[in-house]
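Let the hints inform the model, and build the full structure from the sequences given.
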Amino acid sequence: MRFKSPLIAISAVGVLALSACGGSGSSSGTAGNETQNNNELGNTGNGQDPTAKGPVTIAGAKKGGIVTVLTLTGLTTTLDPSEIYYTDTSSIMSGLVTRSLTQYKYDPKTKQMILVPDLATDLGTHNDNYTQWKFTIRSGVKWGENGQPITAKDVAFGMVRCMDSTTFPTGACPYYSNAYFKGGSSYKGMYTDPGSKFKGIKVSGDTITINMAKPFPDMPYWGTFPANGPVPSDKKVSDPKTYKKHPWSTGPYMIKSFNQSKELVLEKNPYWDPATDPARTQYPDGYDFKLQQQSEKIDQIMLADTGTGQTTLTYDDLLAPDFTQMKQKAPDRLTLGGSPCTYYWAPDNRKITNKKVREALSWAYPYKNVILAGGLIPNVNAIPATNLMPPGLPGRTPYNVTGRQGFDTDPAKAKALLKSANATGYEIKFLFRTDDPVSVKGKDAIVKGLTEAGFKATPVPTTTANYVAARDNTTEDINVRSAGWCSDWPSGSTWLPTLFGSTNPDKTHSFGTNYTAFSNKGVDAQMDAIQKMPLEKQADAWNALDKQIATKYFPLFTTYYTGVAQAHGSKIMGDNDDNTLGMPTWKDIWVNQ
Amino acid sequence: MGISATELAEAPVGAAEAPEGKKLAGRSPTQIALQRLRQDKLAVVCFGIVVFLVLCGIFAPVICNLLNIYPTAATIPYDPSEVLDFSTGLPLQGPPNHGFWAQHPLGMAPQTAVDNLARLLYGLRTSLFVATAATVFSTLIGVVLGLVAGFSRGWMDRIIMFVTDLFLSFPFILGALAMAPIIVSHFAKPGQLGTLSKVQLFSLIGILVVFTWMPLCRLIRGQVLSLREREFVQAAQVMGVPTRRILFKELLPNLVAPIVVATSLSLPAFVTAEAGLSYLGIGITGIPTLGQTIFDAQSWWEVYPLYLWAPVLTITVLVLALNLLGDSIRDAFDPRTRR
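Residue numbers (this note's numbering), protein chains in the order written: chain A, 1 to 593; chain B, 594 to 932.
Just so you know, not all the hints are guaranteed correct.
Said to hold, decoys possible - In the EDC-like style, the derived pairs of lysine to aspartate or glutamate whose C-alpha atoms are separated by at most 16 Å in a straight line are:
| id | chain 1 | residue 1 | chain 2 | residue 2 |
| --- | --- | --- | --- | --- |
| 1 | A | Lys-413 | A | Asp-332 |
| 2 | A | Lys-448 | B | Glu-824 |
| 3 | A | Lys-552 | A | Asp-506 |
| 4 | B | Lys-842 | B | Glu-824 |
| 5 | A | Lys-537 | A | Asp-218 |
| 6 | A | Lys-448 | B | Asp-672 |
Worth flagging that the hints you see were computed from the coordinates, not collected in a lab.
In structure tokens:
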């Protein structure tokens, strides 16, 4: 899953007007993090509970209150359940608004997310080789907008609707529904090709039967995505052009108003029945998401903890100096935890063809200086990385192809590698955003590091508004791209096929999610073979392949794993880290009035 | 040649007080104004401060060389991760957590380990350069257009005033915000970072000029409108003096006072405008400016106050001194204020 969309250019209108209580002047404490196990970042809910039942009650929780949420992002990526594939929109919508086949529930004991049923009565039943899945849709669930009951047909309609990759190009369905469902690879979609009918999903009564083209043991995980939930089959309501502005509610809250880049207001859904929902609750009266707020401002509100600030939370990481203060002042109001994400530098394998040059790059990259310049908090949201797949993914065994430790940089080694590759002075062209100070500072650090290591560093300027387009442009005059990727669920199948599946950017003019443009027929075949293996062998096989790719091809190098360092007001209860997405556990939040 | 108002005004004002043994000398209004300025203590102090800051800016490279400090992340000779606390980003030596450190008198910037003093000096240099250049160009444009519009009557006047109104009605910040990304995308080519920062610098000056010449143009036009009906101008016209000569030899000397006043007051306005635009991210990449430093420092104001207050105080002192000096100049040049 893509990491939440990068910040959008914000005109800083406010002056330094917000005051906080005077913290202690010195802050020399270390920013270690006791509550988070950095070896278990990607261990995001292997637990399952097919028998979980509603209603959920939280001991001592009170009803009422409005929860204010502040964030730098603008929720500018789509809210249409069929296309949601960013961590922020995905978490907010499936936590509060849209229900799907299955869902996650926070377990306070293990601090893990457990897979539980949602609209389905259980986690589905499958045949022996996972090529057919059956889900029974529970009764008593109603649309928030008109109070009409939701049927298995609505769910099936939603599941088929998202398989239109032309209408929903940035969604997740092309990688899973289209890839695994029988007939999915040739199905164009109900909007692109209205005449065709998708035959992979069948409905009889309240049972949905999905036939697979190849074994898909991860179907219950894929079922947690909003794409696998109901959408009104009324063509006027679910028109892709308008539905993204107001997706219909099936969860405890529904959209009252949504103004992109400004505000998202949620109110209670009167038709939501707690007895039908094994994980969600409906304690607060509503949510008020205030979007595109300045990070400095958010941090000051969280630190001050006065007035409505007490009922406010943020899912942005605190800035490093504010994190240090918060840790001293109110460590109980910090929400810490992991997220199954890896940041990496992706050399364009079409251009940087020599493996030694890519290895030299991994030795030259100034990890520490970039992290310092970015204001990240070491070991909290910047954790030394080795494997592409973050720690905790099933079957993962740490490997270290280059022998580099932690955030170490070694210009001498990089120089030697470059020399042996006969590529001293190799030119590295990478993007930076002139209007984002963090990006400019990072650029300075990278230029310095690469130059010291014998590269020729050529930063290519762009603006925040054009950054994503420039990075995704296959013909842009750059040869390294910076990217991040998060597990869709704890399995190698959400990492390797999405990041290393062969692409042909010259022809298709799109990287998809493969920014290295790594293409290798042999690796493709191996991935295909793993997907057909018995389930218990897959985890090890994915990790073996991850290591094999790194050893043999070294197509990219990881820069750091990440976690969350979020904060909430003193009256917000139940705000924990949903480590499948690195977002708050919306389902458990209540206001202590 | 016509008798200019300047010469007419050369009445022997100071004649009575002329010291013994010296010739009675006529003094121009400019000379009178300068003398008044010299007697104004506040003006002298402010002038001193401005000269000091200007010298700091001009000799920034020399000072930095002497102190062995560096203004940008690209030039520092040490590795930031070795002099900064990795977990907090704060310097391991010097302010804010440790005492004064002679090697870096104002401390090091958190996160990047750039020297604060060096950055301040170079920022001052950029700010003053931008402000001076913008003032010179906007004054030139404003004066020339004002003179032409005021003197020409008829269609020329109407066209110039229409253009002036047009520019006045255009929102400044919006224009600046719109220009920045266009410039970046146009000059964003690999290996042209130096060009880009130069283009950004001059386009910043350009934006400031384009949106600030209008008030001076209107002011000059108004003055010219009243002056051109005066006898010396009419006499010159009757004698067949070329228009260019009337404009620059007859009218311009009479406009020195408003021009000097407008200039001295627009300098500090440009300094703040440059800082504001840099703060909004419409500034310059690769060259330190005061606005950028303030923007970087704002999230550290509680943990590392010196980092923020140094550039804020510098800009405040500079602008205050320039403003007070401008006020004194206006008082000195205004014949109605007799002190």
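Results for each hint:
no.: 1; hint: Lys-413(A) <-> Asp-332(A); verdict: violated (44 Å)
no.: 2; hint: Lys-448(A) <-> Glu-824(B); verdict: violated (69 Å)
no.: 3; hint: Lys-552(A) <-> Asp-506(A); verdict: violated (24 Å)
no.: 4; hint: Lys-842(B) <-> Glu-824(B); verdict: holds (15 Å)
no.: 5; hint: Lys-537(A) <-> Asp-218(A); verdict: holds (14 Å)
no.: 6; hint: Lys-448(A) <-> Asp-672(B); verdict: holds (9 Å)
Consistency with the previously given hints fails for numbers 1, 2, 3, ordered from lowest to highest.
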